[in-house]
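Trainee: Protein chains in written order, with the working numbering: chain V, 1 to 276; chain U, 1 to 545; chain Z, 1 to 180.
Think of the hints as simulated: they come from the structure by calculation, not from any bench.
Warning: the hint list may mix true and false statements.
With the C-beta cut set under 7 Å, the calculated list includes, among others, these residues of chain U facing chain V [as the list claims (entries may be wrong)]: (1) Pro50; (2) Arg316; (3) Asn442; (4) Pro446.
Positions of the beta carbon are idealized from the N, C-alpha and C atoms, including for glycine.
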Amino acid sequence: MATEPLDLTPEQRAAEDRTFRRGAALAVGVVLVAGIVLGFVVLPVVQGASVGLDAWSAICRAIGVQPGTPIARQPSSEAAATPVSQVSWGPATLGALRNGNVARGAQLSRVCDACHGAQGLSSDPQFPNMSGQTAYAIYKQLHDFRSGARKNYLMSIVATYRSDQSIADLAVYYASRQALQHGSIEDPVAANLAVRGDPARSIAACNACHLGNPGAPVETPNLIGQHKEYLLNQLQAFAHDTRHNDVYARMRTISTALTSDEMERLAAYYAATPRP
Amino acid sequence: MRSIDDIDRRTAPLVLAHLWLAVVAFAAAAVLGGWQMWARSPLPAPFSTPHNYFLSVTLHGTVMAYVLPTFFIMGFGYFVAVTALERPLPARWAAWIGFGMGVVGVVLAAVPVLMGRASVLYTFYPPLSVAASYYIGIILVVVGSWIWSALMILAMTAWKRENRGEAVPLVMFATVANVMLWLWTTVGMGCELLFQVIPGALGWTETVDVGLSRTLFSWTLHAIVYFWLLPAYIAFYTLAPRAAGGRLYSDTMGRIAFILFLLYSLPVGIHHLFMDPEHGTGFKFLQTVLTSLVTIPTLMTVFTISASLEIAGRLRGGHGPFGWLWTLPWDRPMVLATGLSFVMLWFGGLGGIVNMSYGMNAMIHNTSWVTAHFHLIFGGTTVIMYFAIAYEIWPTLTGRAVQSARAMNMQLWLWFIGMMVTTLPWHWLGLQGQWRRVAEFNYADPIVAAWAPYVIVSVIGGLVLVVSALMFVWNLFKLQRGEVSVAAPMSYAVAVYPPGRVPGMLNGFTSWNVAVLVLMLVAYGYPIAQFFIEPAPQAIVQRIR
Amino acid sequence: MASSHQEILRTELRWGAVMGVLVAGILGLIIYAALALHISPPSNVERIDPKTLQLSDEFTEQNLGTQVSGDGRVTARIVATQYAFLPPCVAVPLNRPITLRFASPDVIHGLLIAGTNVNTMVVPGYVSQVHATFTQPGETPMPCHEFCGLGHSAMLGRVQVLPADQFKPDAQGRVACAKH
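So here's chain V without its partners, still in its complex pose:
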C-alpha cells in the first residue's frame, strides 16, 4: 500500500529534511518569541505602569534581576535587630564544633563538676545532665548565657569569660560522653504528645525535633535521660516567658499551648525514656 518510492536521492532527502527543519524551527521560534515578548515586556510593563513602576524596573523584576514583583511597590522596614539569641549556625560555627578539642573540653569541665557531676551527670535534679547532650545544644546555651540571652545566677557568671573555642571544646566533650540510661514509664498522654503531638492545638510531636530526625533546628537538645525537675522548670520558664532564648519562640509557643499537667507528664516521660 506504500504509495511513495523507497529510494529518494540524497539531494531529495536533504531538501525534504531542510523543509521539515525550517518548519520546526519556525514553530518553536514563534512560540519562544511570543512567550518572551509577552512575559518579559508586555505583561510587566503594563502591570508596572498601573502602580507607578518604570518600564525598565518592571522588566528587571520580571527577569528576576531586581527584587520585587511588577504588580506592586516594595515595602520598606525601619526596624532594627533585637535578636533573642546571638547564635547563628553558619559554616564557621559548625566548623568550630566539628574541630572542637575533646581533651581540652575535659580539662575545662572540671569547673562544672561541682554542679553537673564528675561524669557530666548531676546528682541535684535542678542542674541538667550534660553527658550525651548534643554539642550544638550546649554551644548555643553557653553562648546565650555569655551574651545574656539566657539568664541564670550561676551560669551567667561561669560563662562570662569563656572564649568561643572554650565553649566549643566543652560542647564536644560532653557530647562525646554517654547519656544516662533509665527505665521507662507508661503514660499514654505524654507518649501521645511525644509521638503524635496535637494538631488541634498546633503542637507538633515533640519527637519530630527532639529525637534526632531531620527537620529539627540545629540547636534542638536531646531530652532523653534529662532530670524531670530540670525539664519541667524549663517548660514553665518558656511558658511564663522568663526564659526566651528560643529562636522564633519555638518553645514559648508550644509551652503556652500545654497544660501544666501535660508539662509534668512530658518531663517525667522524657526523663524515663530509654534511648532508642
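Model the placement of chains U and Z on the given structure of chain V, informed by the hints.
Mentor: What follows is chains U and Z alone, placed relative to chain V:
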C-alpha cells in the same frame, strides 16, 4: 511475524524480571496508599503516627515514581525492541547489569526508608537530609535505566543500518522518543542529587542552595511524568487499534505526537514553581506558554485514536455518528482500558489546565487538587494502560494462553471506579483548601469537619483501588501458571496507509534533540545561571543526628 | 473513511488547528487576567540569609506581625519555622490591601489561606511576598502546605480578618490578633 522466542529465546526472562519487580512493588505501594488515606480520614486508623505516615508516603512515592514506571518501561522497551524490530537484543548481558544495578538501588533505598531514616517523601526537600544510601539507591536505579536507554538507541540504529531508507516501526520510534525524553529528564534530578543532596547527606557540605535544588528538581519533575505516560500512548497507537480489530488512522501523526512530547514536556518544569520566590514572573509566563503546547499532542492523540477505534467499530458493523462505539469489542482488556483511560485523561487533563495557569495556580497549589490531578493522570490514565499492556504481552512472554478475560476486565473496571471515586472528592477538597502532605487533620475544627464526608468517600475509592491492585497481581500470577500454548507472535497495529519510508526527521531524533537544547537553554538557562552569577544565601543541611 | 493518506493528514491538521485555537484562547484568558486584573504568581526574587535571619533587622522577632506604616500601607511580616508561624495569628484588615512577607530560617515551608489567592512557598534564602485584600471577616486557618519535617501536620497558623473598627494600630503602628 515471529514469536519472541524465535527471535531471541532469552529475552522473555529479562522482560519478566523487570515487569515482576515493578508489579510486586506496585501492589505493596498501593496497599500503603490505601492506609495513608485511612490515616488522614476521620475514621480511626491503626499505626497512625507522623513517623509512620511519612515513612509510608516516602515508600509509596518512591515505588510509584521511581520503581514501578522505570522497571515497567525498561521491561516493555526490551520487549518492543525484540518483537517490533524482529532482531535479537544487542548486548543482553548489559541489560542484566542494568537490571542488577536497579535491584541493588531499590534495596539500598528501601532499607533506610523502612527503618524510618529516610522520611523525606520522594521529592527530597533539601535542606532536609537523610541516610545517603536512600539517594544513592535512586541514583543507581537511574544509572541502570541509562544502560537500558543506550541499548534501545543501539537496537534502533542497528535496525536502521540493516533496513536503510525504511521507516522505523512506530512502536520502536515512540520507545526511543521516550528514551531521549528520559535522558534529558534525568539531568536535573541527577545534578541535584550528585552535587547538592548526596554531598550534604555524607557530611561533605554543611549548606545547600535551596533555590537551585528546587529548580533542578523542577527540570525533572514534569518531564518524568511524561516518561511514565508515554507507554500508555504507545499502547494507544500501536496496541489498541489492533486489539479493537481496526487500523491506526495515521502513522505520521503518531510520530509527530511523540516528537512534540519530547519537545514540550521538558522546558515546562517551572510551572511546578509558580508559587516559588526564586524566579521572576517572566520565566513563569514563558513556561506557561510552553506548558500549554504540551496539550496539543494529547489532543491529537485523542483524535487519532478515536478515529482508529471508529474504523474498528465500523468494520464490526457500527453505524451512525456514535453507533460504532457500541460495536467495539469492549470485552478485550486493551480496548476496555483504552476507553477508561481516555475518560480519566479528560478529567485529569482539564484539571491540569488549571494547574498550568499562571494565575489560577494560586487557588490549588499544594492542595488535594494537585494530588487528585496526578493520581488521575498517572495512577489512572497511565497505570491502567500498564495493566492492559501486561495482559497483552504476558501470553507472548510466557507462552500461556488467556483462559478468560473476565477477571482482567473486572480488575480494570475496579481500578477505574476506584480512581474516580478517590480523586473526584480530592479535587473538590482541594478547591476547599485542603492542604497537602499532612499525617492527620483536626476534624474537631468546623472547616475540616465539613470535609469529612468527601474524605470518607475517597477512602472507599482507595479500598477499591487496593482490591484492584491485588487482583492485578493475582491475574498475572494465574496467567503465568496457566495452560501452555504455542508462544503467540506479537504484532502491532498497522496504519491505514502504512509508511514505506518517512522523512528523515520523522525517523530519528538528532535534529529534535537540538531543538530541545534550544528550548531548554531559553527556558532554563538564566533560571539556573542566576544561582551561579550571584550565589544565593544557602541554608544549613539538617541531617539525622 | 478518508480516501487517501493526504486526506487523513488534512483531517488531522484541521483538528490540530481547532485545538490550536482552543489553547490560544486559554492563553488569552491568562494574559487578560494578568493585564486587566493584575493576577500573576508571587514572584519576588529578594534574597535573605536564612542562617542569620533572626539576627536580621526586618525579620527580628520584635518586628514580626502586622504593621501600618506612616503612609497607611499595611505590611505583615511572618516567619515560617519548624513547626509554627510567628506570629501564630496574623491580624489583617478587611477590604484593605495588605502585603504579606514571609521568610524561613530553616527549611522549605509553604502556606495557603483558603478562599483567597494567598498561596506561596517559603524557601530559605528568599523573602516570599504576597499582595492580597481580604474580603471576608472572621478567622481562617493558614496551614503549612509543604513537607517540612515530621511535625509538619501541626504547623498551622491563623489569620484574623478585622473590620476597620477593630483594626486599631498601636503607637508603633502594630496590630495584633484579638484575644478570644
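Trainee: Okay, which hints does this one fail, numbers in order?
Mentor: 2 and 4
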